[in-house]
Each structure stands twice: as C-alpha cells, then as structure tokens.
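Student: The sequence shown maps to residues 1 to 91 in this note's numbering.
Hints were generated in silico from the structure; no laboratory data involved.
These numbers come from a predicted model, not from an experiment.
Incorrect hints may appear among the rest.
What the hints assert, rightly or not - Derived pair list, reagent style SDA-like, types lysine to any residue, alpha-carbon separation capped at 25 Å: (1) Lys63 with Ile73; (2) Lys63 with Pro35; (3) Lys78 with Gln36; (4) Lys63 with Gln77; (5) Lys78 with Lys58; (6) Lys78 with Arg67; (7) Lys63 with Gln75; (8) Lys58 with Ser68.
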Amino acid sequence: MNKLLSWRNLALASVLTGALGGSFWIGQVSAENQPQMRASLEYLRLARNELRTATPDKGGYRKAALRSIDSAIDQVQKGITFDNRDGSRRR
1 MNKLLSWRNL ALASVLTGAL GGSFWIGQVS AENQPQMRAS LEYLRLARNE
51 LRTATPDKGG YRKAALRSID SAIDQVQKGI TFDNRDGSRR R
C-alpha cells in the first residue's frame, strides 16, 4: 500500500507541477485525442478523491490542496478546449 501511495504522491506532484506551471507537452498528437491532458485529468481526479476521503484535520492544508486540484482540473479542461478549438491552425 505504501508503494501505491508513494506512486500516487509522485504522480500528483508531477501533474500539479505541469498543470500549474503550464508546461504540458502535447507533441504530435492531434488536438482531439490529447492523451497526456486526459491522463492528467484522470490523475487529478484520483488525487482529489484520495484527499476527499482523508481525515479532515490537516490544519487547512487538505482543503487548500483540494482547491488547488480543482483549479488544476479547471485549467487542464480549459487547455483541452482551447487546443480543440485552436488546434486546427497548427496542422
């Protein structure tokens, strides 16, 4: 179980760093597919669910983390929408 939690922590940190820093690499993937962005959404949603089930007494940090994840989810979704709308110019 600890290995799974460590993996999730690493995945969460990687995703949040990319989402909040705006440094997602899409590469040669078409705008409609966006597997990295969609995978990021999945990891963020998994992290949000884990935080929601954690005990609430964390000095406010759990709530702050949930707000950050919700913001990251929103930003990734907006990035997907933008790329789908604007992606045709790059092809």
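Student: Out of the numbered hints, which ones does the structure contradict?
Tutor: 2, 5
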